[in-house]
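From just these sequences and the hints, can you work out the full model?
If you want the building blocks of each chain, they are given just below.
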Amino acid sequence: MCLAIPGKVVSISGDDPLTRMGRIDFSGVVKQASLAYVPEVNIGDYVIVHVGFALSKVDEDEAQKVFQYLKQIGELDELKEPAP
Amino acid sequence: MSSPNFSATCPLPISQYPHVLMAHGGGGRLMHRLLEDVFGKAFSNPLLDTRHDSAQFNVPLGRLAMTTDSYVVRPIFFPGGDIGSMAVHGTVNDLAMSGARPLYLSSAFIIEEGLPMETLWRVVCSMRDAAKKCGVQIITGDTKVVDKGKGDGLFINTTGLGVLAHSLNIAPQNVQPGDAVIVSGDLGRHGMAIMAVREGLEFESQIESDSAAVHEPVLELIKAGVEIHCLRDLTRGGLASALNEIAEAAGVKIAIEQNAVPVRADVSAACEILGLDVLHVANEGRFVAFVPAQEVESALAILRRHEVSENAVVIGRLVEKAAPLVTVKSTLGVSRILDMPSGEQLPRIC
Amino acid sequence: MKFLDEYRDAELAQKFAQEIHRITTKPWKIMEVCGGQTHAIVKYGIDELLPKQIELIHGPGCPVCVTPLEVIDQALEIAARPGVIFTSFGDMLRVPGSTTDLLSVKAQGGDVRIIYSPLDAVKIAEQNPAKEVVFFGVGFETTAPATAMAIYQAAQKGLKNFSMLISHVLVPPAIEALMSSPNCQVQAFLAAGHVCAVMGYEEYFPLAKKYRVPIVVTGFEPLDVLHGILLTVQQLESGRAEVENQYVRAVSRAGNQSAQDLVKKVFQVVPRKWRGIGEIPQSGLGLNEAYSAFDAAKKFKLTDRCVDEPAECVAGLILQGLKKPHECPVFGTRCTPEHPFGATMVSSEGACAAYYRYRRQGAKEMVVAS
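Protein chains in written order, with our numbering: chain G, 376 to 459; chain A, 125 to 474; chain E, 63 to 432.
I should point out that these hints are in silico values taken from the structure, not numbers from a laboratory. From the three backbone atoms N, C-alpha and C, an ideal C-beta is built for every residue, glycine too. You may find that some hints are simply not true.
What follows is a set of in silico ranges between Cβ atoms, one per label pair, in the way DEER data are often shown [unchecked claim]:
id	chain 1	residue 1	chain 2	residue 2	range
1	A	R153	E	G220	48 to 58 Å
2	E	K360	A	A447	24 to 34 Å
3	E	I85	A	A446	34 to 44 Å
4	G	G419	E	K222	20 to 30 Å
5	E	Q76	A	A384	14 to 24 Å
6	G	K440	A	D193	46 to 56 Å
In silico DSS-like cross-links for lysine-lysine, where the CA-CA straight-line distance does not exceed 27 Å [said to hold, decoys possible]:
id	chain 1	residue 1	chain 2	residue 2
7	G	K446	E	K64
8	E	K193	G	K446
9	A	K274	E	K193
10	E	K114	A	K453
Spelled out as structure tokens, the structure:
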């Protein structure tokens, strides 16, 4: 329902927390987004942007979780069925 | 692509007429000066210079191709092009899609009163340069001025005439099962370049329109004897519309692979942000070619020698004569229907 | 794009699919609440990778679909007025009210503008003091912080020519409404990742407990969706009914506190009618008293009205998972994206539109390119 895309904060302007804006880089396309709801975010962080607002900071460690999970499955498989 | 030369200043005394007035289309002295000093000067060639009501010329023996198109792009100037060069490229490309060598263009301008004369001059210069580069002459034209608020700055119509020096039947009805579907380059640049400068959606990017003429690689394919079954340029509605039109006209099933479709990373990102499918996004310098499988190698070799089609690649094939259908295999390997877009591409949030 | 492309890997998707096949022993009906997930499922063909026993039911999570006819009609009425600049997300322009749509109003001279962010509407209001600027505030919890900020900033700036026609909706009450229906067949939910990025997922614990359903907060890319389904099936097969978070890279348990705070400041929870479903108590957001000056419905003195939906449309049943789009008699014939009858065909995210665009033939007899 809600199209929200991850992008990298490349610059931040404004001091007032409510009007703080960031320029967000999406693979070479840069768009302005409000950083009002992600006060903890710094330049270089990835944020998820929806209708011009950063809604959350991407947790880069947690982002690996899906792949780690697969790795676990893979290891389990190998235990069960040794490679032919 | 060389950028058009805008440095030449407008020959009309701008201090006197910085904007186009109704009188510039009124048939009197002002209109005469506009035709002479702007259009006549920029497009000058022996046929136009006769200043007759119609241009007269001899044609080589054989078949002729004729096409017409109107250009209403907004904004008039966009990254990588403008309405003038687009009006030349688009019509040249329509001729090229039948394998014709483009010879002559007409150009009709509908100008909204108040358009800056400098803007008109820049557009006219851009048309002149594009025509020169394409090797076509603009040999007749028309100018109308409409009341302020009754037009959107500037509309251009061009009609093109070309000559067919081959005996191929390049048409949707000629596609055959087993044909490879070649796309001449990466998709979506024109649509996204326009989106980037559209009010309310602006974003910064290096994306430039792909607006360009594609007749040279096409003519070389023909010269080399490549057995082309069908050509179609990709404009509004994108690849999805072009393939569906062919599938419908020919009664065939076409299957393409998402992974094979070339798209630049930034274009792809812009599509993600706006919620658009790149297969629906407009192009202005891309085409698809249907050729038999055994001709693919030579066709690609020729296309890749030209800058405008250097990234040409096979994206799918014609499966069979069947109820019209286009399918696309997703990156996960599952096929789905690729439909035409419903209408104008609207950015979405959900 | 980083954090997108890696979640679309075909080989890894196959691994997830194999694992789901391995552990599935019984038929299960899982609802993906969110239209964005429906879109991904149909676009990538994720359901084709799943065991036949697993049926995905496409939920009501599309604000464009569920915005009631009455509100669309109000939007059309405002947009047609002289002196009004009507701003909207692109999604809403093609959505038909009972007689016409915003694109047609624009064609007849209405000043209708597509914007990307609600803040753009505030900017337009500042630049056009002589015009009334109205924003069509639709969306779920994900979008509410953005519209709340637009209202808040407009109030701070003292803008008198800005207002919003609001039709915000909330996910948990809709899940509750679905689960309490006697016909309900849904056995588990994929909760909407971006809604939870704002709201967190604590409000789902009581639902999981009360209705004994697994609820897995899930992202939007193919690997996310497959991972979410795997976690859900694991719960179903082992008889658990817990709240889990697949989308950990973007969602925390408590969500985004500052966003929630501003939403609470500007909005209050209200009953809301959902297109295709009917009124659901406490399922929407409306402006609270302090900001009621920005309520377009009040400002333009629009009257409440009631409009009937086309009788043939089975959107309500589809949204509850009781029917599939191709089981509808008018699907793809008289009801198409160009001429939609109801909620689920109006938005490209709607279940019917997604089916129409990607697989006219219907789910399992889908054309497979050789």
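Structure-based check of each hint:
1. A:R153 with E:G220: 48 to 58 Å: 54 Å, holds
2. E:K360 with A:A447: 24 to 34 Å: Once the Cβ atoms are compared, 53 Å apart, the range 24 to 34 Å for A:A447 and E:K360 is violated.
3. E:I85 with A:A446: 34 to 44 Å: 39 Å, holds
4. G:G419 with E:K222: 20 to 30 Å: 41 Å, violated
5. E:Q76 with A:A384: 14 to 24 Å: 19 Å, holds
6. G:K440 with A:D193: 46 to 56 Å: Since the Cβ atoms of G:K440 and A:D193 sit about 52 Å apart, the hinted range of 46 to 56 Å holds.
7. G:K446 with E:K64: This hinted pair holds, its Cα atoms lying about 20 Å apart.
8. E:K193 with G:K446: Distance of about 59 Å is beyond 27 Å: violated.
9. A:K274 with E:K193: Given pair A:K274, E:K193 holds - Cα atoms ~22 Å apart, limit 27 Å.
10. E:K114 with A:K453: Measuring from Cα to Cα gives roughly 21 Å; hence the hint holds.
This entry does not satisfy hints 2, 4 and 8, going by the numbered hints stated previously.
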